[in-house]
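Can you build the whole structure from these sequences, using the hints too?
Okay, here's what each chain looks like letter by letter:
Protein chains: 2
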Amino acid sequence: MSSIYSNGLEKNEANFSPVTPVDFLARANDVYPNAISIIHGALRQTWAQTYQRCCRYASALKKAGIKKGDTVAVMLPNTPAMVESHFAIPMVGAVINAINIRLDEHTIAFILEHGEAKLLLVDKEFSQVVKRALLRLPNPPKVINVDDVLYDGPGEAIGDVFYEAFIASGDEGFVAEPPTDEWDAIALNYTSGTTGNPKGVVYSHRGAYLAAVSNILEWDMPKHPCYLWTLPMFHCNGWTFPWVIAARAGINVCLRKVDPALIFDLIRQHKVSHYCGAPIVHSMLINADDSLKQGIEHKVSAFVAGAAPSAAMIEGMDSLGFDIIHVYGLTEVYGPAIVCDKQHHWQALSLAEQAQLNSRQGVRYHLQQGVDVFDTVTGQPVPKDGETIGEVVVRGNITMKGYLKNPSATADAFANGWFKTGDLAVIYPDNYIKLKDRSKDIIISGGENISSIEVEDCLYQHPAVMLAAVVAMPDEKWGETVCAFIELKAGTSATEAEMITHCKANLAHFKVPRVVKFEEVPKTSTGKIQKFALRKQLNSKASIAN
Amino acid sequence: MSSIYSNGLEKNEANFSPVTPVDFLARANDVYPNAISIIHGALRQTWAQTYQRCCRYASALKKAGIKKGDTVAVMLPNTPAMVESHFAIPMVGAVINAINIRLDEHTIAFILEHGEAKLLLVDKEFSQVVKRALLRLPNPPKVINVDDVLYDGPGEAIGDVFYEAFIASGDEGFVAEPPTDEWDAIALNYTSGTTGNPKGVVYSHRGAYLAAVSNILEWDMPKHPCYLWTLPMFHCNGWTFPWVIAARAGINVCLRKVDPALIFDLIRQHKVSHYCGAPIVHSMLINADDSLKQGIEHKVSAFVAGAAPSAAMIEGMDSLGFDIIHVYGLTEVYGPAIVCDKQHHWQALSLAEQAQLNSRQGVRYHLQQGVDVFDTVTGQPVPKDGETIGEVVVRGNITMKGYLKNPSATADAFANGWFKTGDLAVIYPDNYIKLKDRSKDIIISGGENISSIEVEDCLYQHPAVMLAAVVAMPDEKWGETVCAFIELKAGTSATEAEMITHCKANLAHFKVPRVVKFEEVPKTSTGKIQKFALRKQLNSKASIAN
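The listed protein sequences derive, respectively, from chains A and B.
Residue numbers for the first sequence follow my numbering, so the first one is 1 and each next one is one higher.
Residue numbers for the second sequence follow my numbering, so the first one is 1 and each next one is one higher.
Take these hints with a grain of salt, some might be off.
Pairs of lysine-lysine residues, derived as DSS-like cross-links and limited to a Cα-Cα distance of at most 30 Å, are as follows [unchecked claim]:
no., chain 1, residue 1, chain 2, residue 2
1, B, K68, B, K124
2, B, K11, A, K62
3, B, K11, A, K440
Note that these hints are calculated values from the structure, not bench results.
Quick caveat: nothing in here was measured; it's all calculated off a predicted structure.
Structure representation (structure tokens):
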């Protein structure tokens, strides 16, 4: 429709620039050049130094032939090289593919081949598994060895070039090449698919920018946070936090591995203000020896995702003096894109009631357009009654471009203008959603749907339970019944009968586990419980394929 | 350049939505329906109510024939109707044109005709001047009368419809029509041009969205602020704060006019946390009677723009317990887009040194791409020495689309990929800029450039000076010399000789005013000093044209 606003008001270089989170680094360098950007052991970098190193790194990538639309893979723990890679690689228009460092050689080989990585950075710790993966490839990428100062374990140089020498070969005067279109790809993240091959989720500069800004808004994160890297950066690009911390000119406190003693030390020493993690990370801190926790007087705020925080966890964090915020998302939505925002009037409620409300996944991010729960048959929104189960769907700019080289999976994921998460949930009258299950995790017993999460929530209320995983067990009579796997807290004990009694007191009879097993539960590298592995075990099938 | 990322990863309705600040209202309604959105006298609205009213209002606009790309003008003080107009008008794709309520009938008529307003909302207080303006128009817009509950002065109904009846005629179930393109126009703001006709600055949904989010980031503004409307919403859409406050689900404390007693009452009563204003607003508060200031214990944070806060102002605000942040911008960049971000290490400095640093305009906003100072002849960046004067240029998404129906002015403003502000400044080694003058305000005496701001800064250091304005005075020998206009603080006195002595002690001789006049200085409705009027007076030309 033509109007007076249709002409003479076009975009130009002065009034329009494609948004990119890479610009947050440039601004941190402009405005806070002397502020600390990275702490890693005894190493300190300022934002000016990080910026200069990333310019050199990007220049070196260009000299090595890396160009717009090329994939550069990294196999790195949470080190300075990992932070720098999140800027330097997109500075030349290339796409960062951060690979899960716990993966086996077959999967690594699949990812490198599927993603067509031209270059691969490898931390010495992972040189052996990567070396074996590369042997499987007809056209392996060039490799850059990363010798981290804090790693003194075994490993070898499997590439010709070392990271520091590579950076030194670049020009400090290099100027970042902004994306020609903010829809350009910035990152490639493979999901740890439980069946079939991993899918490569592609992020855009626009999505990464808005997700990062929205994380700041959800968290009310002020300038200059001190952020501890408990969450792997290979997981949804650390939920976009390498970019968040640059935007806020904060400190990245690097961390090669999750170790409670070290974490408390770093929190104490550097006055860490923020960190993210799966529930297992927070549980480890809560259940750590009291002697480790001494001397932390400042406020620490944490994001938890991957599972709802139990009342015990919220209470435990509270007693640590830590504030915990429950967020929810998936790789496909840049990590969290739903937040259980705490309403002021909840403060008047009991801790148990607050825990109940906080256990919900919540509402859409500020900069995400929508979240809803749709009936899986009709595709219509379910009533907001907190009872009717449907599939969680999301839409908006904090949603992936699609799956790389996988048009059918992409088409399946996007239906009728929404991204289908595959998670089952209810929605409450206040628009907060609560997950009931992954669609494949729901247990159907005698025709009744049983939410495995509901049973787990009940088990977590037992004081001895450190971790609970509930899955379907084949049953001739009922089709499926409930089986619980439990890890107990150190120094506690419990019996199967005791657990069943506890559940009977709190759950409808048909939801009570028939079998309770006390054993270590298989988890992904990000702490997610691998229920498919538990189901396989119960189905007495062959051992878990890689 | 083709790559594996070029295909199968297209935008769709699930992963891309045009950004618009209108969505902040929808989210506030989704997430915080019962939180207070508006306080106006005894009136209270919740976000659910504001949302419902805006849906009805938008529906009524549509029924009245308003469509995408139409202009809807408003002549309103800072009332609920003004807040609502910032959402309802763009909800149907129309463009809000908020007219300065202090304007004369000629200028109002020019704006209505040039902007082609189809509809006009008029607060009863301004019915007379608008009535006269409408008589000048061949095709006057339809008029909606706004009878504000807090206005009991003279006026009349000049339109057929009243605001509340108009809203009531709309459907509550109306769904906002999102922009088809985020580059679509959302607002039209006429600059108070000092020469020639006002120019119509056009904002986009994208720019308004990013400007609003960036204001949150610069201010570290947490959720649920209580925002007092000391800044007119007709001024750059209140620097985007109607949208900011919706994004943060805060409270809009409306205010028909700036009155210190009322302002302190509202701050005390509602625990106002944030407000914005020109320096004159802050000066009025600092210089208000002490009895008005009692009982305010909480922290209040203020944005100041329009002129640098003097050391006395910073000290005065400090003694009130108020924090002041200096920002800078123009109508063309959505209000402020440059912030004098306070660096941590400044806290160790003396108040005078801090004031010196804070008097600088600062650095680019988080979400603005760049600010620089260019040599006015060569167009090249000036050295970052804090001495070399050039023109401030900005670029990025927080920059207007252009001037409506004015391609030549638009082309002049955008040159070589930057927007030229017309302000003269220096840039320091730390990338902070400091304004030296509007290009037309610089005084050239005996071939030497004199910054009128520098002389004003000196005058503000005198304890009796409430307001100082320095302009060029024609001089046969020197071409121009310096003339100062001063408003004294209540209860103080000073002589011309005293002021000149004060300046001689602090300035180079050629910069010292030759003449000092003690009189009220003409200002715009937003508190900006109208130097062109002072110059006209000195040039002994005809009295000031309207």
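Verification of the hints:
no.: 1; hint: B:K68 / B:K124; verdict: 28 Å, holds
no.: 2; hint: B:K11 / A:K62; verdict: 28 Å, holds
no.: 3; hint: B:K11 / A:K440; verdict: 28 Å, holds
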